[in-house]
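*Asks:* Take the given structure of chain C and dock chain P to it, following the hints.
Here is how the chains run, residue by residue.
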Amino acid sequence: MSHTLDAKGLNCPLPILRTKKAIKDVPSGEVLTVLATDPGSVKDFEAFCRSTGHELMEWNEDGGTYTFQIRSAA
Amino acid sequence: MSDNQKSFSMIVTKGTLDWAYPPFILATTAAAMGVNVSMFFTFYGLGLLKKNLNLEISTLGNPAMEMPMMGMHMKMPNLVSALPGVDKMATTMMKNLIKKKGVASIDELRELAVEADVKMVACQMTLDLFELDRKDLMDDLEYAGAATYMEDALKADLNLFI
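Protein chains in written order, with the numbering used here: chain C, 1 to 74; chain P, 75 to 236.
Extracted from the complex, chain C is given alone in its bound form:
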């Protein structure tokens, strides 16, 4: 089952806050895909994942949209 959160157009700290809320409903081991346009979100998602134990598997940027793949450790 795929889980996606669209946080495009939102600025700090909303992408992180929405992710925290969304990942609660993602079973442990499953992946949440987050879309964001905030250029500061790359460092923030790295820090968020290091602090919470969720795993930032990969991220990429395409045309100003950042895609984060986060494996839930909920």
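Everything hinted at is true.
Cross-link-like lysine-lysine pairs, in silico, DSS-like; alpha carbons within 25 Å at most: (1) C:Lys43 with P:Lys80; (2) C:Lys21 with P:Lys174; (3) C:Lys8 with P:Lys173; (4) P:Lys174 with C:Lys8.
A few chain P residues that don't get close to chain C, going by computed Cβ distances all over 12 Å: (5) Leu91; (6) Asp92; (7) Thr116; (8) Tyr118; (9) Pro137; (10) Met143; (11) Ala156; (12) Met167; (13) Leu201; (14) Glu216.
Derived Cβ-Cβ restraints for the label pairs, each shown as a range: (15) P:Leu203 with C:Thr65: 43 to 51 Å; (16) C:His3 with P:Gly176: 17 to 25 Å; (17) C:Lys8 with P:Phe204: 41 to 49 Å; (18) C:His3 with P:Gly145: 38 to 46 Å; (19) P:Met148 with C:His3: 40 to 48 Å; (20) C:Thr67 with P:Lys169: 24 to 32 Å; (21) P:Leu206 with C:Ser28: 42 to 50 Å; (22) P:Lys174 with C:Asp6: 13 to 21 Å; (23) C:Ser28 with P:Lys80: 18 to 26 Å; (24) C:Gly9 with P:Ala138: 23 to 31 Å; (25) C:Gly64 with P:Lys169: 19 to 27 Å; (26) C:Gly9 with P:Asp191: 22 to 30 Å; (27) P:Leu203 with C:Thr67: 45 to 53 Å.
Just so you know, these hints were derived from the structure itself, not from any lab. Each residue gets a CB set at the ideal place from its N, CA and C atoms; glycine is no exception.
*Replies:* Chain P alone, transformed into the frame defined by chain C:
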């Protein structure tokens, strides 16, 4: 609170729109990162707890403040800032920018803080000093004083005065 949970305490002393952002951004983000958060609102910070927020900014005595305007960045001379209506205009501009840039409103961040169980303590002394009424402030606040703040701050991994 689990044994290894980090905690973060704050004193919030300022009540303008711009100064409302740092405490609520940090409180909500810390809570999202699993941190136990306690905010102590005193003096002008108490205004951030009003049921109906109508926060404003002032350009007066704020020489570093530049607003994007007509393709450039404008600073406001104090002489102009002191004129009636200038704060209202600057506030309107700021609120428009906030919307345009996808920045959360203070109402929204405050609600998220409440949802995340951020502890909010209102300074009873300030309430008395400025003759404020509890019924004008948010529900479910704690009313206390310096000792309550000290207890939280001494246990906290991080404390900020804002």
